[in-house]
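Line order of the protein sequences matches chains A and B. Note that the working numbering gives residue 198 to position 198 of the first sequence, counting from 1, and the numbers run on in steps of one. Each number in the working numbering comes from the position in the second sequence (counting from 1) with 1000 added on.
One or more hints might be untrue.
Unchecked claim - Just some of the chain A residues that point at chain B, by a computed CB distance under 8 Å:
#: 1; residue: PHE39
#: 2; residue: GLU47
#: 3; residue: SER52
#: 4; residue: ALA54
#: 5; residue: GLY138
#: 6; residue: VAL156
#: 7; residue: GLU187
#: 8; residue: HIS286
#: 9; residue: GLN368
#: 10; residue: ALA369
#: 11; residue: PHE370
#: 12; residue: PHE389
#: 13; residue: PRO390
#: 14; residue: ARG392
#: 15; residue: PRO396
No wet-lab data here; the hints were simulated from the structure. Quick caveat: nothing in here was measured; it's all calculated off a predicted structure. Beta carbons are placed, not taken as given, at the ideal position from N, Cα and C, and that holds for glycine.
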Amino acid sequence: MNMVEKILARKSGQKSVAPGDVVLTDIDLMLMHDLSANFVMKVFENEMEGASIADPSKLVFAFDHNFAPATRDAAEALAAVRRFAAKHNVKNLFDSGCGSIHHVVMEAGLVTPGMIVIGCDSHTPIYGALGAFSTGVGNNSMAALGFTQNKGWFKVPETVKIHFHGTPMTAVQPRDISQFLVGKLGEDGAIYKALEYAGPYIESLDVNDRALFPLQAIDVGGKCGFVNPDDKTLRHVRALFGNKPGTPQFELFQNDADCRYAEVVDIDVSRIEPQVACPPTVGNVHPIDVAVGTPINVAEAGGSTGGRLSDIRTLARCFANRRVHPGVRLQVVPASRDIYLAALKEGLFETLHVAGANIFPPSAGSNQAFNMGALAEDEVMISTQARNFPGRNGHPKARHFLASALTVAASALTGKITDPRTLR
Amino acid sequence: MATNWIFQGRCWKFGDNIPTDALTPTHVMFKSPQEMAAFVLETLNPEFPKQVRPGDILVAGRNFGCSSGRALATKALKATGIGAVVAEQFSRTFYRNCLEIGLPLLEATGVHALVNDGDEVRVDIKAATLENLTTGKRLQGAPPSQFLLGMLQAGGLIPLLKSGSFPGSATR
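The shape of chain A in the complex, shown without the other chains:
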C-alpha cells in the first residue's frame, strides 16, 4: 500500500484497502472558509434537525474571502458563522484578516502527518505535503457525516506517480513546474486519482514549495496529492511546534517499496520554461512566449498558490529602486499574518510601497473577487492565484493569466506579460 491507502485503511479500521473500495473513515480535521462555513452551517441547521456536533475541536473556520466585508450580505454571513461557532463551542475560528485558509491552518500546526483532513474547499489536498490524506468534500458530507459523527466516505483512489528530476533553468520557479504539470496532464488528466509527487526535484524543495503540487491536484481533477513523507516533512512539522511544549503525537505512514501505480509520469524539469495558464481555464498552460507582450491592468501576488513569504521576497527583489509600470495596479496579498509580519520586518513592504504597489490585508486576495479583484470587461490580470475561469473575477470577458511570482513581478514592471528571463 502507499501512504494514502495506509491512512484510509487505518482510519476505517481495516488491515488493508485497495483502489475502488468505498470506505467510511474517522476524520481528524474539518476545514471551512467564510463562505463554505456559512453554507455548511445552513445545511446543518436546516436539514439535520436536532443534531449536535460530535467534536467541535475538529472544526476550523477561517475567514479568508472577506478581509473586511464590503456588503451587508457578506457581513451577515460572517456574523452568522461567528454566532454558530459560539453556540457550538468551535474555538478554531480565524476571523477576517487571518490570511488564506490553508496557509493559516498549516502555520497553526493543526495538521500533523497521518491525519485525514476534509475541507469544503477544493484546494484542501495541500496537506498531502505534510504526510496527511486530505481532500475536498461537499457541504452535505461536512454537515451530515463530518459534524455529527466525525466521519467521511471515500472511494479509495488509484495513484499516479509523477517523477520529477533535473535542475530548473534560471528564472523558473516551483509554480512554473506545478503549473506545467497541470498543462501536461490536462484539467481532466487525473480525475478521481491520487497524485504522488516524487523524485530528486521534489525532494530538493522545502515543504512550502512542495505544497504547491498537492494544492493544484484538483486542477487536474485529482482527489488528493501527496509527497511520501521524509525527514524534511518531519523537521517541518516539528519546527511548527518548536517554541511550544508538547508536540502532538503522530504516526508517519510511508509508501511500501512495492506499492502499485496506475501510471508513472516522468518529467525532466530542466527542460521547462516559465509557464503561463491562459484564459479561459487553468489547464490552458503554455510556455510564456504565447502571452508575452499582452498588456495588463492588474498584477497580483496572492491566493493559496501565492502570497507566501518567498513570493513577496521575489517581488521586493524585482522592485528595489524600480517602479510599477504606470497604469498597472500591483496587488500584494500576504497569505497569513505571520507572513505579513515577516515581510514587514524584512522591509519588503516598504520597498513595494515605494515602488507603487498596494499592500492588502492577509486573505485569499482576488480569489473569486469576493472582497477585491473584480475586473472590468476589457481588463487583463496576471496573478499567482489558482484559478482563471471566466466570471470568477468580475466580467466574464475579462482575461486572467496565472503565473509565478517572478513572472507577475516582471510583467508589473513592464506593463505587459513579460518573460522573467529578460529581467535585468
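Got chain A sorted already, so can you dock chain B onto it with the hints?
Leaving out everything else, chain B in the frame of chain A:
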C-alpha cells in the same frame, strides 16, 4: 426521487471543462437555490435558465463541474428542474455533490458526440443508458455502484442517513 430512474426530455448540450463558476457565479452566491436557478449557465447559453423544463437532460463533455467544489452549484442546477446530468466525465467534487444532494447523473463515454442541442433524449440512470430519440442512437455508460445508487435512491446523503441505512453508520 424515489425509484424513478428514467428521464426523458430536451437535451441541453454544453462543452468540456465547464466550471462551477459558470453554474453559480460569485454575485448570486447568497441567494437560495431557487433564486440562483435563474442564472445557471446563463453566460454560456442565455436561453438555458429561461427555457429549461422539468425533466430535461443536460449533456456535457469532459470534466463537467470543475473549479470550486461548492455544493451550491449542484443545488442550483437541480432547482432549474433538470432531470438528470450526463457527461463524458465529471469533476470529482461535482460528482460527489450530485449524489449527496440527489441529482441523478450518468457518466457515458461518447455521449457528447451522440447528441445535439435540442434533441429529445431518454436516460436510464440504473441501466446507465442514454438513447437519442431524435436520431435513434443509443449508448451504454458506466453504471454507478450499489452504494452510490442507494444514495441517489434515498434522495441524497442526508435522507440516507436519516433512514438509518447508511452503510456502517450505526457502528464504527
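| said: Less than 8 Å between beta-carbons is the criterion; does A:ALA369 satisfy it with respect to chain B? | reply: It holds, given that the least Cβ distance between A:ALA369 and chain B is near 6 Å, below 8 Å.
| said: Restraint: A:SER52 near chain B, CB-CB cut 8 Å. Satisfied or not? | reply: 14 Å, violated
| task | Have a go at the A:GLU187 hint: is there a Cβ in chain B nearer than 8 Å to its own Cβ? | result | With a minimum Cβ separation of about 5 Å from chain B (threshold 8 Å), the hint on A:GLU187 holds.
| task | Please verify that hint: A:PHE39, Cβ, nearest Cβ of chain B, below 8 Å or not. | result | Nearest chain B Cβ about 6 Å off; hint holds.
| task | Please verify that hint: A:GLN368, Cβ, nearest Cβ of chain B, below 8 Å or not. | result | 5 Å, holds
| Status of the hint placing A:ARG392 at chain B (closest C-beta pair under 8 Å) | At 5 Å from the nearest chain B Cβ, A:ARG392 passes the 8 Å test, so the hint holds.
| field | Restraint outcome when A:VAL156 is required to lie within 8 Å of chain B by C-beta distance | value | Hint on A:VAL156: violated, closest Cβ of chain B at ~12 Å, above 8 Å.
| message | A:ALA54 was flagged as interface toward chain B. Is the shortest Cβ-Cβ separation under 8 Å? | response | Because about 13 Å separates A:ALA54 from the closest Cβ in chain B, which is outside the 8 Å limit, the hint is violated.
| said: Quick check on A:GLY138 please, does its C-beta sit within 8 Å of some C-beta on chain B? | reply: 4 Å, holds
| Hint check: is the beta carbon of A:PRO396 less than 8 Å from a beta carbon of chain B? | 5 Å, holds
| field | Supplied contact hint for A:PHE370, tested at 8 Å Cβ to chain B | value | Status holds, d = 6 Å.
| request: Using Cβ atoms only, decide whether A:HIS286 comes closer than 8 Å to chain B, and label the hint accordingly. | output: 16 Å, violated
Against the hints set out earlier in the document, violations occur for numbers 3, 4, 6 and 8.
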